[in-house]
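Undergrad: If you want the building blocks of each chain, they are given just below.
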Amino acid sequence: MSDKIKAIVRFWNKPQHAAYLFILPAILVLSIFTVIPLIGTFIIGFFNINIFFTNTSFAGVANFMRLIQDSRAINALGNTLYFTLLQTPVQVGVGLVVSVLISKSTIFNKFCRAVFFIPVVCSLTAIGIIWSVLLDGNIGIISYYLLRLGVQSPTFFRDPALAMPTVAVMTVWANFGVTMTILLAAIQGVSLSLYEAAEMDGASKMRQFFHITIPQIFPALGYCLLTNFIGSMQVFDQVYVTTGGGPNFKTETIVQYIYSRGFTSPFELGYASAISAVFFAIIAFLSLLLNVYMSRKEAGLS
Amino acid sequence: MRNNRIKKVLVGMAAAGLMITAMACGNSNLNNNNNVGNNSNNNAVNIEGEITTLTFWNGFTAADGEILKDIVDQFNKTNDKNIVIEMDVMPWANFNEMLPPAITSGTAPDFALMMSTDLAQYVENGALKAMDDFWDYEGVDKTDFVETSLKMGSLNDVQYSIPQQVQSFYLYWNKDLFEAAGLDPDIPPITWDELAAMAPKVEDRENNVAGFVLPNNNHNILYSWMRAYGGDLMNRDFTESVINSKENIAVLTTIQNLIVNELSGPKIISGPEMNNMMNAGQLGMAIQGPFLAAGLETNEINFGVTTIPQMNMTEKSAILEGVGFVIPSGTEESKVDAIYEFVSYWNSREIGKRWSVEAGFPPYLKSVAADSDVINNPVVSELIEQINFAEPIMPVFSKRRALDSDIITPMVEQMLQGSSVPELLKTADEQINSLLK
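Listed in order, the protein sequences are those of chains A and B. Read in order, the letters of the first sequence correspond to residues 4 to 305 in the numbering used here. Read in order, the letters of the second sequence correspond to residues 6 to 442 in the numbering used here.
There could be a bad hint or two in this list.
[Said to hold, decoys possible] Computed list of lysine-lysine pairs in BS3-like fashion (alpha-carbon distance at most 25 angstroms, straight line):
no. : chain 1 : residue 1 : chain 2 : residue 2
1   : B       : K251      : B       : K321
2   : A       : K208      : A       : K300
3   : B       : K340      : B       : K134
4   : B       : K134      : B       : K86
5   : B       : K340      : B       : K86
6   : A       : K9        : B       : K13
7   : A       : K253      : B       : K404
8   : B       : K404      : B       : K134
9   : B       : K431      : B       : K251
10  : B       : K74       : B       : K340
11  : B       : K12       : A       : K7
12  : B       : K180      : B       : K206
13  : B       : K404      : B       : K431
14  : B       : K147      : B       : K340
15  : B       : K134      : B       : K147
16  : B       : K12       : A       : K17
17  : B       : K404      : B       : K442
18  : B       : K431      : B       : K442
19  : B       : K371      : B       : K147
20  : A       : K7        : B       : K13
21  : B       : K431      : A       : K253
22  : B       : K13       : A       : K17
23  : A       : K9        : B       : K12
24  : B       : K134      : B       : K156
[As the list claims (entries may be wrong)] Output of the computed footprint for chain B on chain A, the stretches with three or more beta carbons under 8 angstroms from beta carbons of chain B:
no. : region
25  : 239–250
26  : 264–270
Derived by calculation from the structure, the hints in this document are not laboratory data. For each residue, glycine too, the CB sits at the ideal point set by N, CA and C.
Construct the complete structure from the given sequences, taking the supplied hints into account.
TA: Okay, structure coming up:
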């Protein structure tokens, strides 16, 4: 018996095997709180369940078939993609520009870095509520000043065409601090000798930016784009609070549609789970594509 | 060798202990955030003959919630049955998200308040106890309740909810804006036609003043207008849609004309935004529940409130909604009497009067309505009259919320953007029929 125990202990003591023991806690936590619920969601998608757990029945692929024909779900997916395409490039762009502008460590720049990060720590719900009062077409302060200038105020969150762009701008304002901070760290890691060499060769600031800064910080840039993309696809808080999905479902995003099917009357948790499972697959696929593209570019630049 | 091994074992145990504590701490944080009711349930002390603790959930987060809290505190101090009520408040939307899973997992509160429009889906899923034996409780007089207030909480002839408050929808008008428009400030529109005629006059684009608006997320105004003219959404047993009728086409066309052609108000606006406009003195007329009065008074708006417009004065109709006491099905039988004690305390003349006068809601108890303080209150006395003919709509219909947000909201939004009314009603008709299937 003790021979067997000795053999097991010796096996697990080897560095390459001990490593698995070290990552075991993290794997357990991830499995219990991510992987198992994910599989559970997928399974629930095959049932018809409501929030009271009464009338549970097996539905087969009915929920998935219903999803394909659901024009409101497809509309939500389109809106989510629209929001992401508006928000992600702009936010990363703004973060990049700002981080370059304040990359020198003067006192003013340090002050700016702190101030620009404040919206990030604020709750998106609170930001949404305040912005919707400011931009209210009837009693908002922005519309008041526009009226004083003689211009008819647009109704921002209630205007079918402007609603989503307004939410995107608000999100950029709220979150660009994150991108700025990450890229700032990356920019400060670029060795100064590269810039000096470029100066001596007579390169302008713009050329230095495009041909030194960007290639050097490309990994950080790729990371920002990817995480921002994944986060944008899951947008819910700020849209729900400002527009509620309207007008006429023009700003309804996928997560909000899932919420409206599963957690408000009639509480169709089965259908909501089916949408979630399919949406997970879509985001995973798109993220993979983005990641591959970024990696290729990275390889090309180095 | 030996010391080394002991050391390793000790280090291993310490690491495992740390890991487990860390996971447990993380877990309980999650629990505390997600289970509001859980904490108070654990405190329930029920030593025989001693304190009975009741957990109580409701959605009164605004100013009227403070009056409610005060009344509960008063009950806790003055009741002679050793009952202590622990109240938990959350917005109604959160309430409807948290109550069903709480009922399913056995952590529901002992009793709660529930909006009349949400009652049906809970009853359909067997989540609530019947409260018919409340009428047998000492000191309770069923005849004191106005008939229609009881109808709101009754499904299939079983009483699932005892009234806590009732409300209908009233016409508020801004007297200063009426005067500026050349209308008599003391004469509000009595019929819907009069309203449609007055709204364009009150509207003043240059000063950002609107005459009348139709909110896109609260359809009681639309339903009131439709029903006044004999139209409706569904037939009496909710099996078929009757929305595509010529009466409804006429009503919707009038509203569309008012907003789209005559520009009496913004096209897309939500209920809270309508309240804000009224409170800012930028809206001539608004149709809303009783609570708007308090905001208007705080903002010093020179306003009047009256019965909702009608088609004519002989066939009056109005919508009745309310909030009632409910008991989740998992509550222990031994606590029901204590709950009834509070419910009868609430529905007494003294507390009923306090709620009416302080919170501004019309009374549904005849004894309170006859009280001189209530009669002499100018706002409340206007509100009482309508309660006598107001009726709940769709009380047993459990898909009300889905109907409102999935079918009627898009219909209203498209109508106010100018789409063809007959087409919209036809689409709504098909959608309602498939919802009813």
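Undergrad: Does each hint hold? Answer for all of them.
TA: Verification of the hints:
{"no.": "1", "hint": "B:K251 with B:K321", "result": "holds, 20 angstroms"}
{"no.": "2", "hint": "A:K208 with A:K300", "result": "holds, 23 angstroms"}
{"no.": "3", "hint": "B:K340 with B:K134", "result": "holds, 12 angstroms"}
{"no.": "4", "hint": "B:K134 with B:K86", "result": "holds, 23 angstroms"}
{"no.": "5", "hint": "B:K340 with B:K86", "result": "holds, 12 angstroms"}
{"no.": "6", "hint": "A:K9 with B:K13", "result": "holds, 15 angstroms"}
{"no.": "7", "hint": "A:K253 with B:K404", "result": "holds, 24 angstroms"}
{"no.": "8", "hint": "B:K404 with B:K134", "result": "holds, 20 angstroms"}
{"no.": "9", "hint": "B:K431 with B:K251", "result": "holds, 11 angstroms"}
{"no.": "10", "hint": "B:K74 with B:K340", "result": "holds, 21 angstroms"}
{"no.": "11", "hint": "B:K12 with A:K7", "result": "holds, 22 angstroms"}
{"no.": "12", "hint": "B:K180 with B:K206", "result": "holds, 13 angstroms"}
{"no.": "13", "hint": "B:K404 with B:K431", "result": "holds, 20 angstroms"}
{"no.": "14", "hint": "B:K147 with B:K340", "result": "holds, 22 angstroms"}
{"no.": "15", "hint": "B:K134 with B:K147", "result": "holds, 19 angstroms"}
{"no.": "16", "hint": "B:K12 with A:K17", "result": "holds, 19 angstroms"}
{"no.": "17", "hint": "B:K404 with B:K442", "result": "holds, 11 angstroms"}
{"no.": "18", "hint": "B:K431 with B:K442", "result": "holds, 17 angstroms"}
{"no.": "19", "hint": "B:K371 with B:K147", "result": "holds, 11 angstroms"}
{"no.": "20", "hint": "A:K7 with B:K13", "result": "holds, 19 angstroms"}
{"no.": "21", "hint": "B:K431 with A:K253", "result": "holds, 22 angstroms"}
{"no.": "22", "hint": "B:K13 with A:K17", "result": "holds, 15 angstroms"}
{"no.": "23", "hint": "A:K9 with B:K12", "result": "holds, 18 angstroms"}
{"no.": "24", "hint": "B:K134 with B:K156", "result": "holds, 17 angstroms"}
{"no.": "25", "hint": "239–250", "result": "holds (count 3)"}
{"no.": "26", "hint": "264–270", "result": "holds (count 5)"}
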